[in-house]
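Colleague: My numbering applies: residue 1 is where the sequence shown begins, and numbers increase by one.
For the record, the hints were derived by calculation from the structure and aren't laboratory data. Note that the Cβ used here is the ideal one computed from N, Cα and C, for glycine as well. Just so you know, not all the hints are guaranteed correct.
[What the hints assert, rightly or not] Taking lysine-lysine pairs in the PhoX-like style, the calculated list, with each CA pair at most 25 Å apart, reads: (1) LYS185 to LYS148; (2) LYS148 to LYS189; (3) LYS25 to LYS185; (4) LYS35 to LYS71; (5) LYS25 to LYS35.
[As the list claims (entries may be wrong)] Here are the in silico distance ranges between beta carbons for each label pair: (6) ASN241 to ASN166: 22 to 28 Å; (7) GLN283 to ASN144: 54 to 60 Å; (8) LEU96 to SER5: 33 to 39 Å; (9) ASP151 to ASN97: 22 to 28 Å; (10) GLU177 to ASP119: 44 to 50 Å; (11) TRP29 to ASN241: 19 to 25 Å.
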Amino acid sequence: MTHLSYIELSRDALLHNVRVFERTKPQSWFTAVVKANAYGHGLAEVVPILEGSDLVEAYQVDDLDELRALKSVLPVSWALVYGYIPVSQIEEAMRLNAEIAVYEFEQIRELGRLVRDNDDVGAGFSIKIDALLGRQGILPNTVNAMIKEIDRYGLEPTSAYAHYANIEDTTDLNHAEAQEEAFEKAFAKLEARWPSIGRHLSATSGLLTRPNERNTMVRLGIGLYGLYPSAPLARSHAHLNLQPVMRWISHLAQVKTLPAGHPVGYGLTYRTTRPTTIGIVPQGY
Numbered sequence: 001m002t003h004l005s006y007i008e009l010s011r012d013a014l015l016h017n018v019r020v021f022e023r024t025k026p027q028s029w030f031t032a033v034v035k036a037n038a039y040g041h042g043l044a045e046v047v048p049i050l051e052g053s054d055l056v057e058a059y060q061v062d063d064l065d066e067l068r069a070l071k072s073v074l075p076v077s078w079a080l081v082y083g084y085i086p087v088s089q090i091e092e093a094m095r096l097n098a099e100i101a102v103y104e105f106e107q108i109r110e111l112g113r114l115v116r117d118n119d120d121v122g123a124g125f126s127i128k129i130d131a132l133l134g135r136q137g138i139l140p141n142t143v144n145a146m147i148k149e150i151d152r153y154g155l156e157p158t159s160a161y162a163h164y165a166n167i168e169d170t171t172d173l174n175h176a177e178a179q180e181e182a183f184e185k186a187f188a189k190l191e192a193r194w195p196s197i198g199r200h201l202s203a204t205s206g207l208l209t210r211p212n213e214r215n216t217m218v219r220l221g222i223g224l225y226g227l228y229p230s231a232p233l234a235r236s237h238a239h240l241n242l243q244p245v246m247r248w249i250s251h252l253a254q255v256k257t258l259p260a261g262h263p264v265g266y267g268l269t270y271r272t273t274r275p276t277t278i279g280i281v282p283q284g285y
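Please model the entire structure based on the sequences and the hints provided.
Modeller: Have a look at this one:
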């Protein structure tokens, strides 16, 4: 079958982008974020390229369905599942060698039960801290209680992490600094209990604007695919020369010239202001 419209993915562009960030990051390692079918690029296409490069150490997805898809492509991969995993799905996630985000006490209880009842099941998890974001995560004032619950079951977290609320399209970093302060206070308690615990706050935007030598991991998402998180960051970091991985290819079904004042398209979303040559691309519906 001949497709009139299709996309092409550039292996060279993908690896170029990883190498760019490899030079940019502090002393930390990357997890490649391949959620949402690798940001629409195709998980089954992107992961084998990255795996063959030795440039990333783990892959991050959002839920159990995405974890299954990742494991079908790369069965032995270390996967981080940082979206919502119902308690009823934790056992399958553990058997698929995943590390999950923990922010509820019932998750710890289920992990403890699994380790107690199964010799062949591990308990990989990171503690997600709500550092002034207001989404998933434990509040800093509940960290001590979470430590006690984890100790009760003899478990140990791999890392603790948080998300910035807004650092990609603002020059006002007051909230980002407040988030960092909240995270540091919470993390200090965790580090006092587990001195080797890892930590991470940065996705692509954080790596570009808030590099921190103490962070042990970077969640490399949209930048991996050659896109900047925002227009301001695209301007301020144009020197990085990120290369879009995806190329959309189609055909011109018709080329014609419309007079001034002529409408174009459904919804009358555009009207020409002068004689205009337009091309019709057979895409959409």
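Colleague: If a hint holds in the structure, say so; if it doesn't, say that too.
Modeller: Right, here's what the structure says about each hint:
1. LYS185 to LYS148: 17 Å, holds
2. LYS148 to LYS189: The given pair, whose Cα atoms are some 12 Å apart, holds under the 25 Å limit.
3. LYS25 to LYS185: 24 Å, holds
4. LYS35 to LYS71: It holds: about 13 Å lies between the C-alpha atoms, which stays within 25 Å.
5. LYS25 to LYS35: Cα-Cα ~22 Å, so holds.
6. ASN241 to ASN166: 22 to 28 Å: 26 Å, holds
7. GLN283 to ASN144: 54 to 60 Å: 55 Å, holds
8. LEU96 to SER5: 33 to 39 Å: 35 Å, holds
9. ASP151 to ASN97: 22 to 28 Å: About 24 Å separates the Cβ atoms of ASP151 and ASN97, which means 22 to 28 Å holds.
10. GLU177 to ASP119: 44 to 50 Å: Holds, at about 46 Å.
11. TRP29 to ASN241: 19 to 25 Å: With a Cβ separation near 23 Å, TRP29 and ASN241 satisfy 19 to 25 Å, so the hint holds.
This entry satisfies every hint, going by the numbered hints stated previously.
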